[in-house]
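Q: In case you want the letters, here they are:
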Amino acid sequence: MRNDRIRLGLPLVAGMVVRLGASAHGRLDDLARASGIVLPDRPGEVAGEMPVALWRAPFEWLVLTQGRNQHAQLLDRVQQVAADATALVVDYSDASSVVELSGSAATAALARVCTLDFATWPESGAYCVPAACARVSTLVHRLAPARFWLHVDRSLEQYLWTWLQEVVSDLEDFDQ
Amino acid sequence: MTQRHRLPQGGAIERDRVLRFTFDGRAFEGFEGDTLASALLANGAGIVGRSFRLHRPRGLLASGLEEPNCIVTVGEGAAAQTNLKATEVQLSDGLVARSVNAWPSARFDVGSVVSALRPLLVTGFYYKTFMWPRWALYEPLIRRLAGLGRASMLQDPDRYDVLNASCDVLIVGGGPAGLSAALTAAASAASVVLVDADRSFGGTLLAAGEAARIEGVPARTWLARTLATLQQSANVRLLARTLATGYYDHNLVTLVEQLGSTADIALGRNAPRQRLWRLRCSKVILATGAIERPLVFQNNDRPGIMLASAVAMYVNRYAVLTGTDVVIATDNDSAYEVAETVAAKGAPRVTLVDTRLGGRAELSDRMMRAGVRLLPGHRVVAAHGRRRVRAVTVAPCDATGEIDAARAAKLRADLVGVSGGWSPAVHLFSQSGGRLTYDTKLPAFVPSTARQAVTVVGAARGDFDFANDNKRTMWHVRSGKAAQQWVDFQNDVTVDDIWTAATEGYASPEHLKRYTTLSMAVDQGKTANVNALGILADCTGRSLSDIAVTTFRPPYSPIPFGVLAGRRRNDLFVPLRRLAAHERHEALGARFANYGGWLRPECYARGGESFERAVQREALAARTAAVLFDASPLGKIEVKGRDAAKFLSRIYISNIATLQPGAVRYGLMLSEGGTIIDDGVVACLAKDHYQVGTTSAGAQRIAAWLEEWRQCEWPGLDVVTVPVTTQFGTVTLAGPLARTLLSQLVTDPDLSPVAFPHLAVRMGSVAGVAARILRVSYTGELSYEINVPARQVASLWERLLSLGETVGVTPMGIEALMLLRAEKGYIHVGADTDATTIPDDIGFGQIARNRREDFIGRRSLSSAEATRADRWQLVGLDSLASERVIPVGAQCLPRSGAQPPVRPCGRVTSSYFSPTLQRPIALALLERGRQRIGEQIEVYDLGERYAARVAPPTFYDPEGTRLNA
Numbered sequence: 001m002r003n004d005r006i007r008l009g010l011p012l013v014a015g016m017v018v019r020l021g022a023s024a025h026g027r028l029d030d031l032a033r034a035s036g037i038v039l040p041d042r043p044g045e046v047a048g049e050m051p052v053a054l055w056r057a058p059f060e061w062l063v064l065t066q067g068r069n070q071h072a073q074l075l076d077r078v079q080q081v082a083a084d085a086t087a088l089v090v091d092y093s094d095a096s097s098v099v100e101l102s103g104s105a106a107t108a109a110l111a112r113v114c115t116l117d118f119a120t121w122p123e124s125g126a127y128c129v130p131a132a133c134a135r136v137s138t139l140v141h142r143l144a145p146a147r148f149w150l151h152v153d154r155s156l157e158q159y160l161w162t163w164l165q166e167v168v169s170d171l172e173d174f175d176q
Numbered sequence: 001m002t003q004r005h006r007l008p009q010g011g012a013i014e015r016d017r018v019l020r021f022t023f024d025g026r027a028f029e030g031f032e033g034d035t036l037a038s039a040l041l042a043n044g045a046g047i048v049g050r051s052f053r054l055h056r057p058r059g060l061l062a063s064g065l066e067e068p069n070c071i072v073t074v075g076e077g078a079a080a081q082t083n084l085k086a087t088e089v090q091l092s093d094g095l096v097a098r099s100v101n102a103w104p105s106a107r108f109d110v111g112s113v114v115s116a117l118r119p120l121l122v123t124g125f126y127y128k129t130f131m132w133p134r135w136a137l138y139e140p141l142i143r144r145l146a147g148l149g150r151a152s153m154l155q156d157p158d159r160y161d162v163l164n165a166s167c168d169v170l171i172v173g174g175g176p177a178g179l180s181a182a183l184t185a186a187a188s189a190a191s192v193v194l195v196d197a198d199r200s201f202g203g204t205l206l207a208a209g210e211a212a213r214i215e216g217v218p219a220r221t222w223l224a225r226t227l228a229t230l231q232q233s234a235n236v237r238l239l240a241r242t243l244a245t246g247y248y249d250h251n252l253v254t255l256v257e258q259l260g261s262t263a264d265i266a267l268g269r270n271a272p273r274q275r276l277w278r279l280r281c282s283k284v285i286l287a288t289g290a291i292e293r294p295l296v297f298q299n300n301d302r303p304g305i306m307l308a309s310a311v312a313m314y315v316n317r318y319a320v321l322t323g324t325d326v327v328i329a330t331d332n333d334s335a336y337e338v339a340e341t342v343a344a345k346g347a348p349r350v351t352l353v354d355t356r357l358g359g360r361a362e363l364s365d366r367m368m369r370a371g372v373r374l375l376p377g378h379r380v381v382a383a384h385g386r387r388r389v390r391a392v393t394v395a396p397c398d399a400t401g402e403i404d405a406a407r408a409a410k411l412r413a414d415l416v417g418v419s420g421g422w423s424p425a426v427h428l429f430s431q432s433g434g435r436l437t438y439d440t441k442l443p444a445f446v447p448s449t450a451r452q453a454v455t456v457v458g459a460a461r462g463d464f465d466f467a468n469d470n471k472r473t474m475w476h477v478r479s480g481k482a483a484q485q486w487v488d489f490q491n492d493v494t495v496d497d498i499w500t501a502a503t504e505g506y507a508s509p510e511h512l513k514r515y516t517t518l519s520m521a522v523d524q525g526k527t528a529n530v531n532a533l534g535i536l537a538d539c540t541g542r543s544l545s546d547i548a549v550t551t552f553r554p555p556y557s558p559i560p561f562g563v564l565a566g567r568r569r570n571d572l573f574v575p576l577r578r579l580a581a582h583e584r585h586e587a588l589g590a591r592f593a594n595y596g597g598w599l600r601p602e603c604y605a606r607g608g609e610s611f612e613r614a615v616q617r618e619a620l621a622a623r624t625a626a627v628l629f630d631a632s633p634l635g636k637i638e639v640k641g642r643d644a645a646k647f648l649s650r651i652y653i654s655n656i657a658t659l660q661p662g663a664v665r666y667g668l669m670l671s672e673g674g675t676i677i678d679d680g681v682v683a684c685l686a687k688d689h690y691q692v693g694t695t696s697a698g699a700q701r702i703a704a705w706l707e708e709w710r711q712c713e714w715p716g717l718d719v720v721t722v723p724v725t726t727q728f729g730t731v732t733l734a735g736p737l738a739r740t741l742l743s744q745l746v747t748d749p750d751l752s753p754v755a756f757p758h759l760a761v762r763m764g765s766v767a768g769v770a771a772r773i774l775r776v777s778y779t780g781e782l783s784y785e786i787n788v789p790a791r792q793v794a795s796l797w798e799r800l801l802s803l804g805e806t807v808g809v810t811p812m813g814i815e816a817l818m819l820l821r822a823e824k825g826y827i828h829v830g831a832d833t834d835a836t837t838i839p840d841d842i843g844f845g846q847i848a849r850n851r852r853e854d855f856i857g858r859r860s861l862s863s864a865e866a867t868r869a870d871r872w873q874l875v876g877l878d879s880l881a882s883e884r885v886i887p888v889g890a891q892c893l894p895r896s897g898a899q900p901p902v903r904p905c906g907r908v909t910s911s912y913f914s915p916t917l918q919r920p921i922a923l924a925l926l927e928r929g930r931q932r933i934g935e936q937i938e939v940y941d942l943g944e945r946y947a948a949r950v951a952p953p954t955f956y957d958p959e960g961t962r963l964n965a
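Just so you know, the protein sequences line up as chains A and B, in that order. Our numbering puts the first residue of the first sequence at 1, with every later residue one more than the last. Our numbering puts the first residue of the second sequence at 1, with every later residue one more than the last.
If we strip away everything but chain B, and leave its shape as in the complex, we get (with noise of 0.2 Å):
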């Protein structure tokens, strides 16, 4: 094709710059300046997409982000991006763009078959039909049919950009409102952002002919004037190709803003390819501008039907006329001059249908002198043709809208402009919080009151410069099939379907959406709104001003969620923290892994082994010689001042106030409802002066919480607070041979059991390096928390090891941790505990009990719910058979061999094979656990059966003889 419809003069369009670029598969030529669309209406491509529902060949409608029906996937691989629009996508050289939902092409589509089935294809068919012998056997199918595009599943290569900013006076939209707009607030001393989701700004002077004028000048003249002004003062930004796309609370605004231009790719730069701007402003003016109703009528979803604001825009900016014989059809003036611009541009035979009786005079004669035919009082009442338009029947009508079809004539057409009046696009206004009312003369939806600071102006307000003076009583012709009167044309919703969806009780504007899925569609309905709603009103008997909008949310139209991703992806994905010896970790072959935000070791596989197999090796390594653990991220907070002990022995159910210099105690933490929020150990390290540990992924969370029971609860007390966890590296050594390793590094304490018993905190010296000791296990071993500062943790870590080599000291991940304290019968507080585990339940009642002070949670322990006989307690399982391991989950069943579903009486929470024990335990909360011990009872997991025997929780070491040592 050699762009038959371009005409051979005119347009914005750089005529030596030509590019190429294929659409399923074909190759077409275009100039610099096109869009997608313009340069395949250019060519004479017709079918240029296929309707979701029903596959039916659809051609461009419109020319800016209310297209419905050309949706393309544009590039290939990684970088393929799919559900655009063709009217939004500039053309580039070597641009290749596939239709979405057709296949093989949007001209050849095989799932044209589907239409065969539109009787069972009905509004909401999902609910009735497809249902025997069951829904699940059709689903899959139905599936793979269903959705637009397909997204590449391949990381999408490209970057994007987020900006945050704030201005004085934001400008949505650059056509002749927000230009003006700009100019005045340009001239006053505030900070200007005006942006436009086009690449030029203008909005509607960019489809304006020659003979357009604005304040007495030509339209374009008037436009570079503009431009020219605002390009040179300083206190202003223009943003064209940037999009706005939400509105949200005190007046932040997001901006989608194009960059990566076609000189970065060609270049082979990886600029960022968007940017996201969150901009703040004092007041924005929103001169969105309005959105061009279709008419409805029967098959009026033809290829070659279009806006007749999109007729024009073709024609003057993008110098394309694809029709010989134009009907335009319309109920208001704007068309006018659509019907001038086509004559004029060379249309042999133009004829403009309008609606209303007794048009203006002015109006009449500019037809005529344009050698326009004019057809007041007619409807087009049914449109021609299969995969092209080739003619409409046009009806007279009364001023009721009723036609009289015995007069109606057949008009030979190949491109159809239908102008079915103007809605203000107030998406962005509704979103501010702002209200809507209905204005019975436009007919459509206006601003009303604001919520924000903001103004809208020109067209988005309702301003027109044109008469858009209808006294619209339908909103579709009542003749013809009306199975066959499309609405939505992306969605296949006809004005059948609102008529069924109403007559079946679905009459709000949210049921009628969701049940015919209306509106739902990639063009968001732009187009089909407020018709629908029409529709609708007439359907129940209401008007509009009776029938709320539904909510317009953001974005006003889609973007990737890469923008929105911004620069948080691959290793900035989340913030996780690195432990300060994180190389010396990764130097031993530790793989890591995400554990409350840190990455930490779960392992030091060697020599190509399994990870099971390094769990279970460091494990017994820890039983039988010593390991090396990195602790840093166990959560610690200094807590000073005299009434340092009142106010943990408030926070704790121990009493911390019994607690002497150079001792450490474990705590349990709980909400006030009387459930564990967290554990650890508090150190006393003098008078007054404690350190409170906290699990790793608990640290922020407890130190914010310590303070706000500081702040807001006990003011009074005088103590305070500083959360020191990254201060200090801590390096855990434990087992067997812990104190005789340490000894060679450490004079100062004296480590002996009598100076340093289990549960101490000593000051002192290691390897030279200012530390604090705390002796306190999680293995069940003996064991040494040493805290050095951070940048010294490393050496310290190499030094161990170093010195370590002979006896086997062990370097440890978290996954064999994990491990011991299970053998242990210690609680990991997440795994152990659920947000209704009180102290009682893990055994630790007593302590609760015998506290005469209050304490956080104090009061729930003695609700009734938990003093229940019935609650799920800590309990040990010893699995039954061999070797079989009971997967975490899995439900304990009330009796052995009931049948799902039948209620639990426990879950499994932790479970391993144990190298120590040679066999697999688990960690179970059960009802009445520890009246139940010995007891055998049934495991579920997912159809397989597991028979275990109630243990006390505690496999290893019951005594504590190891970690006393």
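The shape of chain A in the complex, shown without the other chains (with noise of 0.2 Å):
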């Protein structure tokens, strides 16, 4: 769907999730030179650009790609660093679907979606806040003033998805 009010789409992400026991935390420089990102640790953050990670939890991240190549090195790497440790990174590729809107009415299609107060987001930069998105809970993730990922469970990608359709359409034909 596509004008210049507002786009959705499916953009291919590649993903990872790592998570770091208590005893792990000591690995954090060893993360970062492996994967290029100093790893966010305050809720809200987002670090890098491609590889990205989003903070999701304490010592938990999911870390983005865009190309399998690039994602397979990248899930090679981290999962050496925490091999022996009290860590786990979990390719989440197939687990996390990627829904983009985008345009300048891509706030007001989100307040048809969540409850978030965009307001209370830092004016510029990247910013991630899980929410629950047409009752279905999502990690949504700023990447621009009017560009969003939203980041859903696979298996429920298609009802977000045609959720986000209606409220576009409703959006494109009645301006409201």
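Any given hint could turn out to be false.
[What the hints assert, rightly or not] Just a few of them, taken from the derived set where beta-carbon distance is under 8 Å, the chain B residues facing chain A:
| no. | residue |
| --- | --- |
| 1 | R567 |
| 2 | L576 |
| 3 | R642 |
It should be emphasised that the hints constitute simulated quantities derived from the structure, not laboratory data. Every residue, glycine too, gets a C-beta built ideally from N, C-alpha and C.
Bring the two chains, given one by one in their own frames, into a single complex with the hints.
A: Below, the structure is given as structure tokens:
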């Protein structure tokens, strides 16, 4: 779906979940070296630009790449760092889907999907917040002021997509 | 009719845009800007509704959402909306409206014969009458007569939008107080939202005459200027046609905005009809105004009697005047302006009856100049006329309100405007948790202590711009027939009903409400509540200050369920997860159903075969050849860390610490009460690394549960968990030919029984795709669960299916799986267990008893309840009547021939016709079941009896030869 006000898409994004147990917190530097990203340590923070790391929980991140080869190599490097530690590095490429919402009406569309108050977000920069979007657990990830990625469980992608299609269609047709 | 009550000039209507509509099948005309109510009045429609209980003829009482009488259904077929008030329906061309609770029309209603049964239909009649010989005989008829409008049973074709937003200041009410507040707020940098349910802002200013002034300028000029200022303010959002419906915690207010313009309808565009706003506000200002109260006297419900403010609204805003002999009856100053207006608009004879003696000279002078006859110190005691008011009886009254009946006189009247004072609209304030207090001077309930960030302004706070100094001592006329003095018009509640309720002990407002049904109709008692409380106070010798009001609950006025549902309809009704191979299953003719939030194939019926036939065929295929089953939704959680084994050993009743890499173990998870909450297999992937399996429905719940224990109870354990359920797709290949088939796609791992025994996990490659293969079985056959990345599962499914074509590989749905596992005696948590089932009940008691270390629920297993000798235990039941499948839920009788009601000693939890064994089988939980193997029992279900023999729960391959092949 496409016009200047609002666009809906399904970008191909690969990802992994990295989670460190308490005894593995000391591996942060190793992880940074392996991934090329200083992993964020506060809620909402996003670090890097492909690969990019989103804060999910204390010592838990969703690390994204675009490109299967890049993903495979990164996954391998990071898994090696975590191999003998109380840490899990799990390929999440098939567990998670990304729905992209962009355009000047993107936040108007999101207002019909979730209860997030974007006025409380940092004015600029990437940011991410977990929310229920269309009653589905989602990580709402702002890449740019009018560009969002909604990270949702793959099995619920169809549901969220259908909901957003309806919202976007109303915004396109009725300018509401 | 040609709008005979329409004044030749004036009103905020567009006379050059004529709209045609029908009401009860009759054709009428109105103008753009009319409501259905104003158009009906203009056309002289006097009887526009029938009351609920007695089908009394009713006319319009009000001009807003407080209207109790003219309740209509608008539209036809699926688009019909019912129980709307005619005052809230904007007139449109082609509108079709019908009165509710009347047939064939409000004017001539067959149901009016019910009035003859009035002596039987007293308040609370259903507790006292229609008892002999039994209530059930009358119930169908009474239910048929009950209710007002009939909702369409067709799907609502309209669409609804839902919007979440926030603002600094929300102002509810676009009258003078609300507009003033908006101007003040707009001057700051705050984001402001101003809402009003009407399509125009202005509130009472819309009913004001030309003479009305505000801040020294004509009211209409002030209104226009104020709106222009607000519209030009970038930080102000004006929402007309928007009703504030509810006030919730943390200053969340819900609004329902009317969308879908007539232009959209004309263009056939399916625009959303309404929008639900969920608005989070830093501050709320309630400028919701006040609702006028009717006066209570004999026959005060006659058509032609309306609230005085409504008379003014119809005259000034809609240019409708429905009478020539007009009587305005009041106990406060607000009605004087109404009398003035009516006289100025040409009513030849206007009388104002004021209960108060010694009114202000200024007011008397105004009435004299206006040509209005003033009767101070008088009260209307009765109205006359049946289908319409024809006259009223007025009598002098003293300072206490007592009338002098001897000096009563009859006045001709075809329009009566009544004003019994004003009740601040405190509903939203009360919903916010604010407390109310009774102001004896007004008299009315006013906002007192707020509990949230809310301010009340204007008439909603009890600030009136007229003298309301009525020392009211009488809430109704204490003469005449109390049974004909109407308090709640819609539900036909009279003064007599209130006295009866109080006399019978229902003396609290909550009891009064429920016993009499006062305020329980569509109008929610907006014009009745305070009058009723005043009468109740009189009945019970209390003051109103001592009476607590009933709780105001959302919505403020009825709204459709559709707007609350928003987009949650049809495919979006509930989030349903889809399998990665969904399209493949669809192409195979799968019949889908919702299983634990997943859309899964229940069977793959072929060539028109029935569901039952398909399930039997698929189950047999698993026993004789091979089947493919999509097991992707099975929960999978990775657990890793130095203390992973210790952690899991506390979670399960089994000791996971002894599980070696490559091994799999079945486990039960218990609640702290010792009851089974989930089951599954644990696979040891490597040292300190496990995959926990859960049921499909329990995947998310158990993942959260593991985290809760890890974070809150055992934070010192060195372990992490990550759910990976949907990262993998899982294809189960099961049946005697499973190994033969799989070996064609697998070189690694070695599939031989020695290298890859039952209850083992191996990493390898299937059709070139990296896979995690578990040899586990829920069917009782040789079985492999092949886990691959979810995006690969569809192609794997295709490969296996096409490879297996020659040997008859069959896709299998979940229903056949359930049948097979029942043959094997494997439980399905939630079906064969309930919230009381403990491990010993299903035969796992010894495993729990053998554990020396602690695990969740262990302590509870030694309780007296858990060790009772007569617990219900899992057994099999062989039906002794061949072909008769015992229904699930059937109850085991304590002895054969027992007649219900008796206490059952068990129930059937799973039941099928076994294609393998060619006979019905069932699983049941039975008291002391394991001690009763071989015993014959009787099972009862809805009048049918089934003879069965108690058997071990494993009907098929009890030695496990097949699954260990």
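Q: Against this structure, judge whether each hint is valid.
A: Verification of the hints:
1. R567: OK, holds: R567/B within 8 Å of chain A, min 6 Å.
2. L576: Cβ of L576/B sits 6 Å from chain A, so the hint holds.
3. R642: 6 Å, holds
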